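Trainee: In order, the protein sequence lines correspond to chains E, A and H. So in our numbering, spot 280 of the first sequence is number 280, and the numbers just go up one at a time. So in our numbering, spot 128 of the second sequence is number 128, and the numbers just go up one at a time. So in our numbering, spot 146 of the third sequence is number 146, and the numbers just go up one at a time.
Rather than coming from a laboratory, the hints here were simulated on the basis of the structure. Note that the structure is predicted; figures quoted are calculated from it, not measured. Please note that a few of the clues may not be correct.
To be verified - In the SDA-like style, the derived pairs of lysine to any residue whose C-alpha atoms are separated by at most 25 Å in a straight line are:
| hint | chain 1 | residue 1 | chain 2 | residue 2 |
| --- | --- | --- | --- | --- |
| 1 | E | 290 | A | 151 |
| 2 | E | 434 | A | 172 |
| 3 | E | 86 | H | 104 |
| 4 | E | 86 | H | 89 |
| 5 | E | 310 | H | 151 |
| 6 | E | 78 | E | 434 |
| 7 | E | 186 | E | 390 |
| 8 | A | 159 | E | 282 |
| 9 | E | 452 | A | 167 |
| 10 | E | 256 | E | 442 |
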Amino acid sequence: MESSRSPRTGRRHSLLRAAAITLSLATAAALAGCASADTTTPSASGTSAFKPVTQKTGSQITVWADSTRLPSVQAYQKSHPDVKMKIVTYDGGADGSTYLQSKVQLFDRTGSGWPDVVFGNPTDVTWASEATKPGARPFAAPLDEKLVPQTTLDGFAKGSLTPCQFNGHTYCMRNDIAQVLLWYNKSLMDKWGYTVPTTWQEYEALGKKVAKEHPGYLVGSVGDTNSHESYFWSGQCPAFDLVKPDTLRTDLQDPKCTRMATLLDNLISAKAVATQGFFSQGFAKNSGSKVLMAYGPSWYGQYLFKAGFKTPAKQIAAAPPLAWEGESTTATGNVGGGVWMVSSHSANLKSSTDLVTWLTTSDANQATAPTYPAYTQAAKAWLANPANKDYFANDVSGPFEQAANEVWTGWSNTKFSDSTAWSSVVLPALTAGKSLTETLPAWQQEIAGEAKTQGYKVVDQ
Amino acid sequence: MTLLETERVAVSPVRHGTTPRRTGRGRAGYFFVAGYAVLLLAFGVFPTGYAFYLSLTNDRGQFTGVNQFVKVVQDYRFVPAFTHMLIYLVMWLVTLVVVVVLTAVVLRSRVRPGTSALFRFLYYIPGALAGVASVLVWLFMLDPDVSPVSRLLDAMGFKTFAAVLAPGNLPLILMLIAFWTGAGGWMVVMYGALNNIPDEVLEAARMDGAGPWRTAWHIQIPMIRQWIVYMTIMAFATGTQLFVEPQLLQTASLGRVSPTWSPNQLAYVYAFQQGDFNGAAAISVVLLAVGLLAAGLLVARSNLFKLDEK
Amino acid sequence: MTQTTPFLTAVRRRAHPSRSLPFLVVGLLLAFLLVFFVLPVIWLLLAPSKTAGEVVRDNPLSFGSFHQIGAAWRHLFAFQDGAMSRWLLNSAIYSGGSLVLTLLVSVPAGYALALTKFRGRKTLLVITLVTMIMPQATLVLPIFLELNRFHLIGTVWSLILPFSFYPFGVYLVYIYFGSSLPRDLLSAARIDGCTEWQLFSRIALPLAKPVIGLVAFFSFVGNWNNFFLPYLVLPNSEQFPVQVGLNQLLTSTPSFNPVAGAGLNITIPELALAIVIAILPVLVLFLFSQRTLVSGMLAGSSKE
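So that you can see chain E by itself, here it is in the shape it has in the complex (with noise of 0.2 Å):
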């Protein structure tokens, strides 16, 4: 055994000169004379017309959608079967990931390969409006330059294509908007006695009675990856706010965003709120049946209460989005809505858009689509499908309709997910039992390191 440690010093010598190495490597490149080490800024193309590829009529296109849209694509091949598709399904950018910016950078480097037409959400054509890397065209096609009429871009419900517009192009045609409104039990509302609220006081107030008088009852939660879109975008809070295209401003010591997180707060430690996800794993389980209010998008319906909390019919019931006491003007948040981005590399342009705007604008699929439609004209139809409505205790058109026009614009599309900080810097912190109010400036932090790693001027005023 003790000759096993005569030295060795051949070998020791290789391994350290490898290490040697490199570190000379990079004292040699410390006294070079350098470039600067930042990426190339893309150049904004609006200026510059959109060319399209060659383009071979008749050439199958890929389509990559998420499971949730995947039937309505696939009731589009069974309407065309002239056209050739290829269908992909992937997790179509939910809560924040980045699985389709990836691929695009990938094959931005191949040269090759890029789906002909995407399901994304809102963040995706921040990126996808611009070229990836210098030369590269960017992926999404402006779609406002002669591939859809503007009669069609005007449909959409108002401010519903802010999200795709960027250098006064229309880069995508949005599928279905999420407009936050009040959720609520009717059921339970009715046989307590008590009245809908209309604005945040009232929310409060009555969550507080809830909690003394029908204690484990909820009336909200703010720990799903998205529940800051609920409530912060609907209080109006400055916290995504793009005052230029590359200057953001995140300023969370606002009274909009403290009034919130006070009230939040208050509810949350009279256990009226909870700090665990709607969408949790335990949660349908332990808490599903004592949601008393929610306070979310107008797809909880149908996924949350009836998929998820297996709710009866006839008992949830929605109303309008909260007012502030004293403000004339309603806002509300927006809580997903994808979008459908067509690629400026696919050789069947025509086959493309008209899959897009078959799939956002026509009756045919909107009608039955799992969520609510951006389009005009479509989301009528929706309404007018008892199927949306049967579920509900009331007449969810008016509540949703209102929203849908009241989703507050001060909340800005940046280049990254507005849940990525929320997820993993507020949530850890509401676990372990910090009041959102002293973690405001964190997620600040946070929301600023990361807008400054996308190229992003930020500022709090």
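Guided by the hints, dock chains A and H onto chain E, whose structure is given.
Mentor: Chains A and H in isolation, oriented as in the chain E frame:
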């Protein structure tokens, strides 16, 4: 004693090979290593060089010196990512070495051979669930709602999955996952190494009046020292590669885990979210340097991996 | 882990009389590890037999019904028109293809490094060792750019070729030949007029069976479980190996991805079943190869 030493004996005669033969055998040698050498160049040497090249230039191909490194080190996510990895590595390596060696010694000297074989086999099974599968399994194990040990989690104050995934717990969770899949295999190897210690040596120790633990500490463990170092290096190399585990935890926790928790994830975000392959390469090079330095030190200090003697 | 200190102090006190205490501690240690290693596996095997609701409500270690396993099976394989079977097939192709290539290049290479003499042999060995201990994940990015330059992205070669580069396998073969092939045998055969190729194919190769098995095992298991490279280089979900597919299943599970996964039949039992199926080939290998593995790992110092 161990396989890593024996080849010293085996290699030495080669040097005494007669000179005339040398050319013919040399050509044969080239023939035999040709395929491997091509792969080594293509997927070992070239990518390393390319990573260095990228880390020293920008996306316009201009030479940037250390600016890429300065840039990534100053990134607000850099220090946390490397700190996370470091904490994880320390926990993982210490636990691995202590528990694996201890268990191997116990299985070798305190348990009947039949029982020992059964235990080794059972400990070793989770090794089949490496990668994505192991993370998925542990997601369930750590979720108080479905976990078979939910009472234990409850008793420790973890009522929800979110509470389990508190940022401070992540290194421990990742360590559990890595230990669950990896430790059993190493126990088997260590047991084998212990088994190779001649009975006479142990017998002599017993004659000198050493108890089983004393024998373990003074005889057995020193004799498998090289295996322990070998295990540490391999575990270190896998430990620095953390990617899929935190990535999946991020997905499954609905974003409660930072997407740049580990250095590899940060490099991934640089490359594919920020489109900055050069910055990503700089992170990779830092990681590479750390890994090689640590491994090099261990190798140098332990006389492991004999190649030749001068 | 914290129990080691009492152990060692006990040793120093020459703890012969208090044998019962260490025995208890030994028992506890082994039992604790047993639960730790085996319980998750048992849970995993039982989960597919229950419905999603039962998994949450019932005793975690209860068995549901065989009927439910069938249902989970149907849901799983109906996912994206049988994507699961395609992923399994892909995994088999990638791991199998690179396995063949790995053996073809690393067995001769290890042999040559151990038993022949040529210029650059030592350099090759050093580089092999260095690449073996360096974090492979850091090279994935440059490898991607390289594959791209040779227009291999999207082809099976973009995985099979990088997978086939397996320095650890070469090192194992090198160690094995260096220690267990008597040099005199080769010298004798040379004198008898054997060519270098004949030496390798007639003498070395037949002796190398254990180490070939070992390299094959590690290579197959490693590649089957690899995630990072295929995750990066494969653009299309139809090309995914099963590990990346599992990730996609995870993101499709409503409990883990409330927004994208609604309306899918992929819940916890289906996910658990997918895990079981995905690891089955490796598990089978594990069950049958433990003995071979150990003897192979320790081949250098056989004590027969």
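Trainee: Looking back at the numbered hints, which does the structure fail to meet, lowest number first?
Mentor: 3, 5, 6
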